[in-house]
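**Student:** Next come the chains, spelled out residue by residue.
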Amino acid sequence: MTALATPAPKARIGTIPRGLLILIGVSALVGVLATFSRGLGLASYHLVLISTLLFWAAQATSWNLLSGFAGYFSFGQGAFLGVGVFTMAVMAGRNDLPYLLAIPVGGLLAGVLALVIGAVAFRLRSLRGEIFALLTLAVPFILGSIALNTRFIDGGLGTTIPTPDRPDWVPSFQHLMVLLNLGVATIAVGVALAVYHSRLGRGLAAVHDAEDAAEVVGVPTFRYKMTAIVLGGVLGGMSGAVFAMMLGYVEVPVVFILYIPLFIILICVAGGRRHWAGPLIGAALLVVLTEWFKVASLDQYRDIVLGLLLVGIVVIAPEGMFGRLRKHPWIALVTFLVVAGVLLLTGYYAELDALLYGMAASVLVTTVAGLPRVERLWQRQTTVDSEPAATPGDAATGAVVGPRPAAGPMAPPPAPPPGGRVLVSVQGVTKDFGGVRALDNVSFDVTEGEIVGLVGPNGSGKTTMVNLLCGAMPPTAGTITIDGRSIKGLAPHRVAHAGVARTYQIPKPFVSMTVRDNVAMAVMFGRTGASYAQARQRAEQCLATVHMQHLADALPESLNLHQRQLLEMARAIAAEPVVLILDEAFAGLNPAEIDDAVAVIRRIHASGVSIIIVEHRLRVLQQLATRIVVLNRGTLIADGEPSTVLNDPAVVQAYLGRQRA
Amino acid sequence: MNTFQVVLSGAMLGGLYALMAAGVSVTWGVLRVINLAHFGLILLGAYLTYQLVTIWRVNPLVTLVVTVPALFVLGALLQWAYDRLNIVEFNSLLVSFGLLIVMIQVAQNIWTADHRELPRDINPFDNGSVSLGAVVLPYDRLVCIGLAVLLLGGGHLMLQRTFVGRGMRAFAEDRTVAASFGIDHRRLSVLLGGAAGASAGIAGMAFMLGNLIQPSHAYEWFGIVFAVVILGGLGNLLGTLYAGISVGALSGLVGVLWSHAYVPIVLFAAIILALVLRPQGVFVRRRAA
Numbered sequence: 000m001t002a003l004a005t006p007a008p009k010a011r012i013g014t015i016p017r018g019l020l021i022l023i024g025v026s027a028l029v030g031v032l033a034t035f036s037r038g039l040g041l042a043s044y045h046l047v048l049i050s051t052l053l054f055w056a057a058q059a060t061s062w063n064l065l066s067g068f069a070g071y072f073s074f075g076q077g078a079f080l081g082v083g084v085f086t087m088a089v090m091a092g093r094n095d096l097p098y099l100l101a102i103p104v105g106g107l108l109a110g111v112l113a114l115v116i117g118a119v120a121f122r123l124r125s126l127r128g129e130i131f132a133l134l135t136l137a138v139p140f141i142l143g144s145i146a147l148n149t150r151f152i153d154g155g156l157g158t159t160i161p162t163p164d165r166p167d168w169v170p171s172f173q174h175l176m177v178l179l180n181l182g183v184a185t186i187a188v189g190v191a192l193a194v195y196h197s198r199l200g201r202g203l204a205a206v207h208d209a210e211d212a213a214e215v216v217g218v219p220t221f222r223y224k225m226t227a228i229v230l231g232g233v234l235g236g237m238s239g240a241v242f243a244m245m246l247g248y249v250e251v252p253v254v255f256i257l258y259i260p261l262f263i264i265l266i267c268v269a270g271g272r273r274h275w276a277g278p279l280i281g282a283a284l285l286v287v288l289t290e291w292f293k294v295a296s297l298d299q300y301r302d303i304v305l306g307l308l309l310v311g312i313v314v315i316a317p318e319g320m321f322g323r324l325r326k327h328p329w330i331a332l333v334t335f336l337v338v339a340g341v342l343l344l345t346g347y348y349a350e351l352d353a354l355l356y357g358m359a360a361s362v363l364v365t366t367v368a369g370l371p372r373v374e375r376l377w378q379r380q381t382t383v384d385s386e387p388a389a390t391p392g393d394a395a396t397g398a399v400v401g402p403r404p405a406a407g408p409m410a411p412p413p414a415p416p417p418g419g420r421v422l423v424s425v426q427g428v429t430k431d432f433g434g435v436r437a438l439d440n441v442s443f444d445v446t447e448g449e450i451v452g453l454v455g456p457n458g459s460g461k462t463t464m465v466n467l468l469c470g471a472m473p474p475t476a477g478t479i480t481i482d483g484r485s486i487k488g489l490a491p492h493r494v495a496h497a498g499v500a501r502t503y504q505i506p507k508p509f510v511s512m513t514v515r516d517n518v519a520m521a522v523m524f525g526r527t528g529a530s531y532a533q534a535r536q537r538a539e540q541c542l543a544t545v546h547m548q549h550l551a552d553a554l555p556e557s558l559n560l561h562q563r564q565l566l567e568m569a570r571a572i573a574a575e576p577v578v579l580i581l582d583e584a585f586a587g588l589n590p591a592e593i594d595d596a597v598a599v600i601r602r603i604h605a606s607g608v609s610i611i612i613v614e615h616r617l618r619v620l621q622q623l624a625t626r627i628v629v630l631n632r633g634t635l636i637a638d639g640e641p642s643t644v645l646n647d648p649a650v651v652q653a654y655l656g657r658q659r660a
Numbered sequence: 000m001n002t003f004q005v006v007l008s009g010a011m012l013g014g015l016y017a018l019m020a021a022g023v024s025v026t027w028g029v030l031r032v033i034n035l036a037h038f039g040l041i042l043l044g045a046y047l048t049y050q051l052v053t054i055w056r057v058n059p060l061v062t063l064v065v066t067v068p069a070l071f072v073l074g075a076l077l078q079w080a081y082d083r084l085n086i087v088e089f090n091s092l093l094v095s096f097g098l099l100i101v102m103i104q105v106a107q108n109i110w111t112a113d114h115r116e117l118p119r120d121i122n123p124f125d126n127g128s129v130s131l132g133a134v135v136l137p138y139d140r141l142v143c144i145g146l147a148v149l150l151l152g153g154g155h156l157m158l159q160r161t162f163v164g165r166g167m168r169a170f171a172e173d174r175t176v177a178a179s180f181g182i183d184h185r186r187l188s189v190l191l192g193g194a195a196g197a198s199a200g201i202a203g204m205a206f207m208l209g210n211l212i213q214p215s216h217a218y219e220w221f222g223i224v225f226a227v228v229i230l231g232g233l234g235n236l237l238g239t240l241y242a243g244i245s246v247g248a249l250s251g252l253v254g255v256l257w258s259h260a261y262v263p264i265v266l267f268a269a270i271i272l273a274l275v276l277r278p279q280g281v282f283v284r285r286r287a288a
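If you're matching them up, the sequences are chains A and B in order. Residues 0 to 660 in numbering that gives the first Met the number 0 are what the first sequence spells out, letter by letter. Residues 0 to 288 in numbering that gives the first Met the number 0 are what the second sequence spells out, letter by letter.
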C-alpha cells in the first residue's frame, strides 16, 4: 500500500498518537504516584482501590474487544479470568514457579480457550447474538466443575498463593499489585486502542452494524471475530493471573460466579462499548460506586442498585456515557474537578464521597448539556460557521437526489460484440433445501459489458441464484466461475475479492458510520485494498457516480429508501467489482426515483462494470438490459435479447399464468 | 435395575425442569423476550411457598391459591413493562439480567442466604414413595412429572385449539400482520407474560417439595433450563416437555455412569450438537424477509 501517494486528512494524523500519548502519560503518572506514594501520603487502602480499578479496567477492555466492538455479547469473561486465576494458583501457589512466568502462561491458556470457544461458536451457521451470549454463559460453570473435580487444579481444596518476592525498589506488596495491574491494563488499553484505529477495528464495527453486508464488501468476518475473541482471552487471562495474587487465597466459588461477567458488562454498557475509552470511564464510575457501598456498609443493597442501573442504562442511554462525555469534554472535566475539589476542601467529605459525587455531577451535567433543548441553546451561538448543506435535513424531504440527469435514450445500451470475455459462468447449478429443489440445472454466462436481467415470478429461485453467486451458500451441484476462477468453497468475502459485489433489496448500511465511511469500508476491504485515508478519497468518487456527494457526512438513518439504495450501489461499485449484482434495486421507489436509479445504473455500466439486475418490473428491464434470463420454478426457461424473450410464449405464461394471443 | 431406577427418577425430575423452562420458552418464542427474570419469579414462587406453608401449616399444594395469582400479576406487569419500553431480544437479555440480580438480592435480604426447606412434618411429599415391584417412585417427583404433563400438555392443547392460542401463534409468526388482522398484541402479550409468571409459581412450589432453597439457586438453574428450552424448540410446549424429561433422564444416567459433576458438560455438548446438526429445526425461527 503506497501511503506516500495520498496525504491523510489532518484530523486522522493527530488522533492515534494523541490517544497513545495520553494513555502512556496517565499510566506513567499513576505508576510513579503509586510507587513513591509514601511521600504523597497514599495509604495502602488507596493502593488497593487503584489496583481494583486497574483490574476491572483491564477486564472490561478485554471483554470489549469482541463484545463491544463486534457486538457479540459474552457472559463468559469469567472463564478467561478464571483460567488466569487458576494458572497462577497452580503455578505459583502449588508449584512455587515464579509469578512473572504465570502471568503470560495464564494469558496463553486463556487465549487457547478463546480459540476453542470461537472455533465452535463462530462456525455455527445459525449463531445469533442471543445464542452466543447463552453459550458463553455456560462456559465458566463448566470450567468451575472441571476445576472442582480435578485434584491438581483445585479439587475443592482451594489454594493459597504465597506473598511474592519483590524487587527492592518496590516498597510493599500493594505497590507491586498496582504496578502489575498497571502493566496489564496498559497493555490491554494499548491493544484496544490499536485495534480501534486499525482495519480490524473498522471491520469489527462493520460486523456489529451488519454482518452479512460486512462479509459481502470483503471483511473476513470469521477471522476478525476469532482475532478479537483470542486477544480478549489473552488479556483477560493475564489480568486474571494478577487477580489471583490480589486474592491471595483462590477457590472455585469465588472465581466462577456470575457477579464477574455482570460487573464487566455493566462497566462497558455504562461506559460505552464502541470506543476503546468507554470501558475505562465505566470502570472508574462503577468501581468507585461499589467501593462507596462497601465503605458505607450498604453491601446488601449493592446488587439492587447495580441491577437497576443496568436496566436504567439499557432503557435510557444504551450507547453509554462515553458519547455524552466526549461531546462536552471540558464541561465534564471542569465539573468533576470543581465538585470533587470543593467537597474535599470543605473537609466534611471523605475522598471516596468526593470522587463519587464529582463523577455523578459530571455525568449529570454532561447529560443535561446533551439534551436536545439545551443543545440548541448551545448551538445558536456557533451555527454561523457550520455548513448547512450537509445536514440530513434535506434527506427528510424525500426529494430526488442530485441534479436530474438529461433524459437519456430509453433504449438499452447496445449489446457488446459477441465473443467478449466471459465474466460469470454458471454451469448446471442445482440447489436443494431439504426436499425442495430451488434451482434445477441452471446454466448461463455473463460476458464483459453486458447488463443481464435476471427475472422470474416470486419463488422462481432468483434470490437463491444471487446467494449462490456471492458465495453465501454452496450449490448442491454444478459450478460457478467468476472471471475464470471457480468460487467453490470460498467464503463470501473471498468471492467479493474475486470480483462480485451485490446490493440488498432491503438496504443494509453500516448504521454507525457516515455515508462516506460506508463506502470507504468497501474500498478498504475490497479487491485492491487501501488505507483508510485513501479509501475515503475513493469513496468521494463513488458517491459522485450516484450523485450522493452532498450526503457524504450524513448517517444512514437520515436517508430515505431511494438514497439508501443509491448508497448500496455506491458501496458495491467501491470495491471495483468485475460484476455487480443489483437485487431488486427498484423495490418501493416511485416512478421519478426509478428513472433516477436507471440513470445511475447506466453511468455505472458506462464506467465499465458488467451488471446482473434481479428484477420483476419488465418496463425497467426493457430500458436497461442487453440480455434477459428468465427463471421459473427453479429452471431456466429463456435466455436472449429482451425483445425476443419478452415475447416468448413460455415467459408470458409464466408471468401471466395463461397463454396470450 | 439400579440404572433403570436412576434414569426413571431423573425423567420424573425432568418434569420440574420442563415446568421451569415452559415460561422462558414461550416468552422467547412468541414474544421474543429472553426473560432471565423468570428465574427470579421461580425463586420468588419457591420462597412464597415456604413462607405460606410455615405460617399456615397447610399442604404446599394449597399455597398455589395465593402464589399463582400473585406471580401471574407479577409476570403480567413485567411483560407490560417490556412491551411499553419496547424491550425485545438482545436488550431483554440485559434488562432481565439486571432485574434478576435485583430479585436475588431482595430474596437474600428477606430470607437470608441460608438454606430454607419446608417443615418436614407438614410436607406430605417429603420422603414418601410408591413402590411398583422393584421400582420406587418418590412422591415429590410424581407431583413434578404430573404437574408438568398436565400444564404443558394442557398449554399445548390451548395453543393449538383455542382462539387465544391461535392468535398467539399468528402473533409469533408475524406480529405486524397479526396486528392488522385485529389481534391486540398488548393484551395478548400481557396475558402470556402472566401465564409464564403463574407457571413460575407452580415450578417454585414443585421445586420446594423435594429441595432446599437458597437465593443463588436462581443462577444454578440457568444451565439445565436453557438446555431444555433450546433442545425443546422455542415456544414449543410439547417439545419442552419431552426435552425436560430427556434432560432429566440423561442427567441421571451421566450421574450414575460417570459423575454428577460432569452433567453440565454433557448438557453443553448436547446443546452444541443440537445447534450444529439441527440449526433450522431446533431454534431458528422463520421471519418475513
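Mixed in with the good hints there might be a few duds.
Covered by chain A, according to a simulated footprint, are these stretches of chain B (three or more residues, beta-carbon under 8 Å) [stated by the list, open to error]:
hint : region
1    : 152 to 166
2    : 216 to 222
Partial chain B-side listing against chain A, Cβ under 7 Å, derived [claimed, not checked]:
hint : residue
3    : I33
4    : W55
5    : V57
6    : N90
7    : L93
8    : F267
9    : L272
To give an idea of the chain A side of the interface with chain B (calculated C-beta under 7 Å), a few residues [what the hints assert, rightly or not]:
hint : residue
10   : L114
11   : E129
12   : F140
13   : A295
14   : S296
15   : Q299
16   : L309
Calculated from the structure, these hints are not laboratory results. Backbone N, C-alpha and C define an ideal beta-carbon position, used for all residues, glycine too.
**Student:** Indicate, hint by hint, whether the structure satisfies it.
**Tutor:** Verification of the supplied hints:
1. 152 to 166: Since 0 is below three, the answer is violated.
2. 216 to 222: With 3 residues closer than 8 Å to chain A, the region 216 to 222 of chain B meets the three-residue bar; holds.
3. I33: With Cβ-Cβ at 6 Å, under 7 Å, it holds.
4. W55: 28 Å, violated
5. V57: 31 Å, violated
6. N90: 6 Å, holds
7. L93: 5 Å, holds
8. F267: 5 Å, holds
9. L272: 11 Å, violated
10. L114: Since the shortest Cβ distance to chain B is 16 Å, the answer is violated.
11. E129: 6 Å, holds
12. F140: Nearest chain B Cβ about 6 Å off; hint holds.
13. A295: 16 Å, violated
14. S296: Constraint on S296(A) not satisfied, violated at 14 Å.
15. Q299: 5 Å, holds
16. L309: 3 Å, holds
Comparing the model with each numbered hint stated earlier shows that hints 1, 4, 5, 9, 10, 13 and 14 do not hold.
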